[in-house]
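Got chain A sorted already, so can you dock chain B onto it with the hints?
So the protein sequences, as listed, match chains A and B.
Residue numbering for the first sequence follows our numbering, starting at 49 and increasing by one per position.
Residue numbering for the second sequence follows our numbering, starting at 96 and increasing by one per position.
Hints listed in this document are in silico derivations from the structure and should not be mistaken for laboratory results.
The reader is advised that the hints may include incorrect statements.
Taking lysine-lysine pairs in the DSS-like style, the calculated list, with each CA pair at most 25 Å apart, reads [unchecked claim]: (1) B:K484 - B:K419; (2) B:K564 - A:K230; (3) A:K218 - B:K571; (4) B:K303 - B:K196; (5) B:K588 - A:K218; (6) B:K486 - B:K657; (7) B:K564 - A:K218; (8) B:K674 - B:K640; (9) A:K230 - B:K571; (10) A:K230 - A:K218; (11) A:K167 - A:K230; (12) B:K524 - B:K588; (13) B:K303 - B:K758; (14) B:K588 - B:K571; (15) B:K640 - B:K524.
Since the structure is predicted, the reported quantities are computational estimates derived from the model, not experimental observations.
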Amino acid sequence: MKRLLSFLLLLGGLAGCGNTTGGARVSFSAAAAGPADATGGALSFVNQLGYSVTLSKARLHVGAVYLNQTVPISGAQETACILPGTYVAQVLSSVDVNLLSASMQPFPERGRGLGTEAKVGEVWLTGGDINATDDRTVILDAAGIASRSGQDFPFSARLTIGQNRTIPQKEPAYPGANPLCKQRIVTPIPAEITPAEGGTLVLRIDPRVLFHGVEFAEVPKVSDTPPLYRFSDRNDNPADTSLFQNGLRSRANVYTFSFLD
Amino acid sequence: MGKSYVLVWSFFCLVLCVPKQAVSETGNGDEKTVAQTHNTASSRRESESKESKETKEITEAEKKKGGAFEVAVSAKRQPPPSRGAADYHVDVGALGNVPRKNAAELLKLVPGILLTNDGSEAHADQVFLRGFDAREGQDIEFTVGGVPINESGNLHGNGYSDTHFLIPEVVATLRVLEGPFDPRQGNYGVAGSADYEMGLSQRGITTKFLAGSYGTFRGLLLWGPHGARDGTFAGVELYQTAGFGQNRDGRRASVVAQYEGRTENHLYRITAQAYIASFHSAGVIAEEDFLAGRIGFFDTYDATQGADTGRYSISGMLESRVGKLVVRNQVYAIARPWTLRENYTGFLLDTQEPTQAPHGQRGDQIQVASMAAIVGAHGFARLSGEILKRKQEVEVGYYARGDFVHSTQHRIEAATQVPYHTEADLESKLGDVGLYADLNLRFLEWLALRGGVRADLFTYDVLDLCAAKSVSHPSKTNPPLDVSCLNQQDFGKYREPFQRSTTTGMAVLPRMSLVLGPLYGVSASVSYGQGVRSIDPIYITQDAKTPFANAESVDAGLSFAKEIGPLAVSARTAIFRTKVDRDLIFSQTAGRNVLSSGTTRMGNASAARVTGSFFDVAANLTYVRANFDDTGLLIPYVPEWVFRFDGSLFGELPYDKLRIFGKAFRGTLALGATYVSPRPLPFGERSNPIAVVDLHATVGIWLFDVGFVATNLSDAQYRLGEYNYASDFRNQAFPTLVPMRHFSAGSPRQLFFTLSINLGGGK
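One chain only, chain A, in its complex shape (with noise of 0.2 Å):
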């Protein structure tokens, strides 16, 4: 009879117990910004290329962000755009951020996500359905000059991704291994996150990376009077392929994760 009691209170003082199935689901807010050191105003930087940079105007639409906690393989070349049932955080409004900044730009709305811990983030650079198959939304807005050896080179930059870059499918059996959403998503950013009730995410955009391997020299020339050097805005010349890719696309120091409690 003791037992039994002892097993009825048992019962009862679980069914007080705070008990779960684990996790937790969390908002937070969200924000991107230029780099820490970015003042506002135009931001100069010597690429590895050796020229002087000097940006006077730089903005990335942001479509949406994301993070997961699981690790694509293969630098996402294998895997597929989305990986259901992985994702720990989103961010599903899109900002248009001022890089030159260093100053929070809210996203228009609150973030979601769970209460565990995050490895790679994700920037979508789209103006909507990521599967679209045009998009021409103007993702990264960018001009400057650039110099070396006394030479100028006053650039602008107006990337879209859509058609333009589509990769031709060389592997007939692979028609789809290279889908534009691919093209699209940046990922997987280093990202050890766990997002938590009331904190803020926040996604800093270094403009400096995105030009560092960029031969200023191979954008075509629009204009002699004044001079200007608009990237073409097609994977068909080495300087527009360099930012885009390597740039734009560039998992690493271009884009960084951290999360404010």
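Same frame as chain A, now just chain B:
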């Protein structure tokens, strides 16, 4: 063809060719039963047949010997000996007046039951029983008159049990055994078993009409010939509704006919049944979309969801008694076409594969279909004798069942309704042959030991017609591209797209109950048992070990049953613990149950019922805690607290002035109330509680009864099911890939008017 002819002929011979042996009373005549006197309006109106008198005489005589656990039994066919406090023999009686949409809702008369339905009225109810999310039947063995309802090999859920074909008015009794404590319980009896017994106490021709909210209409015709047993009847039901909210319209028709005969020595029964139904369903709503006003509470994302289903069955049963030996055999055949269309995730799962032509998200709608042919037989021989001056019994029985199922699961493109991907295509031949031995030993007047052992052999022969779904290195000259079921291996080497897997497994299941009492109406019991659930054929691999999940359950309880003056009072409480080695948890993304780790449930179930000359009230309360063994975390969706109240007032209205031509008005007022505490959801969340009250009132005179039904009387806007998972219903610019709250809407208040006419019923 020749074999089929022999089988059919054998079947009818067994059913109809009654041997003419000189034997005595059939049935488990020694079974100690106390028939609670549920003097319902209907039963008092019925003309008492000779057989009814016989039954009363038997039960009255047995009252004095009765154990407190054997309560509320009025079936003509005697039930097996009680297994203790977890064994509920429910005489529906006046509680049948409480509004119930279908026969599954009768389950609420026993503790710990919660029913939900994300599908439609052609979709099986999801049953929660004592901490088991039994989904649509995977953990409960459902039978009707001994004929199985669980479907082996149904891709939506192995053991899927749709009881919508049952006409509630012809359900006479219900036995629910909450736990695997009886050797007669077979496959799927993990959380327990539910056996419906059909019968019609209202003789004559009864027509019922119901019309009301949301264009709902129901017509019912019942016929119970005078002079025949309650088990002889026929019923036809037609039902259609526009459904509340969006996309819940549908219609169904059900026919059942049963003949039950009895000679001096034999009881025999033949049953035929047909059922067809087609319903749309609304599916789930994302909470964020509802709160943001992007979609209404009762709306749908995908208006093509729904189900089309049918069930056709015949069965025959013959029970004979030769001296102290009772022998029963039953055979059955079932044909079961079934199709379900559902979309839990919107546009999320159609990920681009390298070998596929470039595509966007085409839609996640799943079309699951199966066509099953089920044949089986079961029976027993029970020998009784007197030892220690008390009647002792031993029973040996067999169970044989074959399921021949073709099941498919396709993904459907939302824009065109064209299937674009085959996820499964299985031809399964599933066999289950079981043997059991059951002892019913009475050592003392107040001490009985009941139980034995059951062994089941499961055989699987699964032909996977879509065995190869991917290839690491496809042919460069002849790539498979979008083909779902591939016929090539690495580097284009040919293979057939199918593969056969066979395996067998045997489960040996001891089951035992020790029953003490009754003493002053109080009895105590301890039960132990193991149950088994066969594995979904989709998980079968060649020579897979132990292709079933095993459950171990213990239960200890007290019960009280006594007639106190004019009242029949019964009450019981039990604590229980059940451990399952490999559980199944529903995955919204997979669209079916998926294997998980081991689980344990423990808790308490209590119930009470009081019946008087003009009322019948019952209440039950269950608490259960269900955890995963490896992490200790709660199993999501399982309700912890479930409370249910059923009450009915009935009788002649006590106003002499209201009499017409000397005939008094009669009336009933019945109420059912359910409370379910917030359920644990994934990611540490809790659902909203559910509190619903249903009401039914009737007034009748002579041949006619008119009534009024109100379901969800308070018009509470409640979420019948709540889930946390990722989806993308394209109501936002970007997909919601983080698990979010989704819900299926519970029914709003619905009002119906009923008219019932009985001809030849002796009113």
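Structure-based check of each hint:
| no. | hint | verdict |
| --- | --- | --- |
| 1 | B:K484 - B:K419 | holds (15 Å) |
| 2 | B:K564 - A:K230 | holds (23 Å) |
| 3 | A:K218 - B:K571 | holds (11 Å) |
| 4 | B:K303 - B:K196 | holds (14 Å) |
| 5 | B:K588 - A:K218 | holds (22 Å) |
| 6 | B:K486 - B:K657 | holds (23 Å) |
| 7 | B:K564 - A:K218 | holds (23 Å) |
| 8 | B:K674 - B:K640 | holds (20 Å) |
| 9 | A:K230 - B:K571 | holds (23 Å) |
| 10 | A:K230 - A:K218 | holds (17 Å) |
| 11 | A:K167 - A:K230 | holds (19 Å) |
| 12 | B:K524 - B:K588 | violated (30 Å) |
| 13 | B:K303 - B:K758 | holds (21 Å) |
| 14 | B:K588 - B:K571 | holds (11 Å) |
| 15 | B:K640 - B:K524 | holds (18 Å) |
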